[in-house]
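Those protein sequences? They're chains L and P, same order as listed. So the first sequence is numbered by my numbering: it starts at 1 and just counts up by one. So the second sequence is numbered by my numbering: it starts at 1 and just counts up by one.
Quick caveat, the hints were computed from the structure, so don't treat them as lab data. Watch out, some of these pointers could steer you wrong.
It does not matter which identical chain is used: a pair holds within one copy or between any two.
Unchecked claim - EDC-like cross-link-like pairs, simulated, lysine to aspartate or glutamate; straight-line CA separation at most 16 Å:
1) Lys121 to Asp210
2) Lys292 to Asp228
3) Lys108 to Glu58
4) Lys251 to Glu133
5) Lys251 to Asp172
6) Lys97 to Asp228
7) Lys32 to Glu133
There are 2 protein chains.
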Amino acid sequence: MLKEFEIIEKIFKKTSSSIFLGIGDDAALFQKNKKEFWVISQDTLNIDTHFLSNTDPENLGWKSLAVNVSDILSMGGNPRYALLSMSVPSANQVWIKKFSNGFFKCAKNYGVELIGGDTTKGSLSISICILGEALQKNVLLRSNAKLNDDIWVTGELGLAALGLKYIKKKFDAPKVLIKNAIKALEKPQPIDVDMKKLAKLFNSAIDLSDGLVPDLNHVLNKSALGADIFLESLPMPKWIRENKAYSLVLKGGDDYQLLLTAPKSSYKKIIEFSIVNQIKMSHIGAMTKTKKIAIIKSDGRLLNYKEKGYDHFAE
Amino acid sequence: MLKEFEIIEKIFKKTSSSIFLGIGDDAALFQKNKKEFWVISQDTLNIDTHFLSNTDPENLGWKSLAVNVSDILSMGGNPRYALLSMSVPSANQVWIKKFSNGFFKCAKNYGVELIGGDTTKGSLSISICILGEALQKNVLLRSNAKLNDDIWVTGELGLAALGLKYIKKKFDAPKVLIKNAIKALEKPQPIDVDMKKLAKLFNSAIDLSDGLVPDLNHVLNKSALGADIFLESLPMPKWIRENKAYSLVLKGGDDYQLLLTAPKSSYKKIIEFSIVNQIKMSHIGAMTKTKKIAIIKSDGRLLNYKEKGYDHFAE
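Just chain L, same shape as in the assembly:
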């Protein structure tokens, strides 16, 4: 895979004068009105790179939109409009109908309207541009994490990565777990909540698409800070914890949950928000001065997650 950040940022980054935030976060921001920003992002899913040729088209329709929804949520925005560009090798109407069913189920779930796009002949590829709205005062930038902020994640991590591992190379694991893992991979579930309410409790956010460590690193780079992560606090399926398959959680990716940072003073409100809105929120660490990520085990020692083979699921 290309280092997309490097290429985009080096070659395509130009100073933008009229907008609030351009390339370099999950989405760009431009003025909507005195109190709100438009949040805009575009993500592409390609066959063989982002999904396999035998992926269920309905799940693919869902996922194509869900990963874009996730970008809007991570800025503290609520998604609103989408444009869908599809390249397909042939006009397989059955496939396209199934894809559209999944797409519109996801659109309905997150309150998104499809307003445009095109369908062209080409290698199978889905490119979606999504627009959302965020309150200016609560917008969640990667660059806005503060020293000593608590680090939080939504949902559970590692399941989608487990599904991908299993598809690539079968291994011994409970059938129900594998079924859920493949579902997590093919039909990710970003949180479904009014982000205008959630965002005011936090300072910064990123969505977990590449994996906890690489995505947290983006926050570190933009905020010029470090992070301590408590391994035992990471929300993961029991099987992953018992098998110490931590690489799935730390570097697996495809979770499409949010990593957020918040002042310690928000702690109680976040717990309350989590209960009232039935959004699983886990406090997993804190921002530090070190400019590094330290994964701290329950015995107080550091996990050497950079070493290959620290667990047998690490590549």
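Dock chain P against the given chain L, drawing on the hints supplied.
Just chain P now, with coordinates in the frame of chain L:
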């Protein structure tokens, strides 16, 4: 090529409640403020479908954005922001740098800022989402052409199609003409003008991407009208006229000029606007009640452009 309109409109068209105009025109419209719309569109260019593998990357960078600019102009809007999603088979930095040079030259020319996007691994494909602004009172919809409206086109038609024909199968034609034709194909030049000033003179518009006849047919379908086109009035290179290679003009496509309709009362103002702004504008026909396109030759007879082989360039 897929009939994109059919697939998009049948499978993806849903009634949108909160927006002014969704799928079915060159771009979608949603509220910007009391007087303006945001105009938004997304177009994809795929290798082997929209461009050849040996296309000059700088020209491709230009064209990728120019075809999207054209969609905004055709709604009466001025382009403003773009998001660029690129799929590339490998990280060829030289190629990407050249592509970006062309992209940014076009962006500078039309006043567009790049605000986001992504770069991923995949079959070579460029998907651009573009945002522009239009005055609500002057927005140019395909559905708004009126009976007896004059039909106008900007620029010159048929040159890009001539270039494509030549690349596919060489034929005897002046070298300078072929050079210009390939340039027209690879580096299209949508008009560069303040559309807020131009749009108030016209009722409707479409950009000429598929060819004069197929694109005019979209206007006819949306407006429930017909059109008389005067063959001799169509702006085309002398060589095309002398060789009666009319199919290049009527069905060639890739012109990225505008077809507009205007009340007869605008005639003088349009001529003045054309002179002051140095935009070539040709009056080529009128909207009729027939629901058909009639191409009228100088002797008053109809050109049977549906018949194969009406000129030796017709497919």
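Check each numbered hint against the structure and report the violated ones by number, ascending. 4, 5, 6
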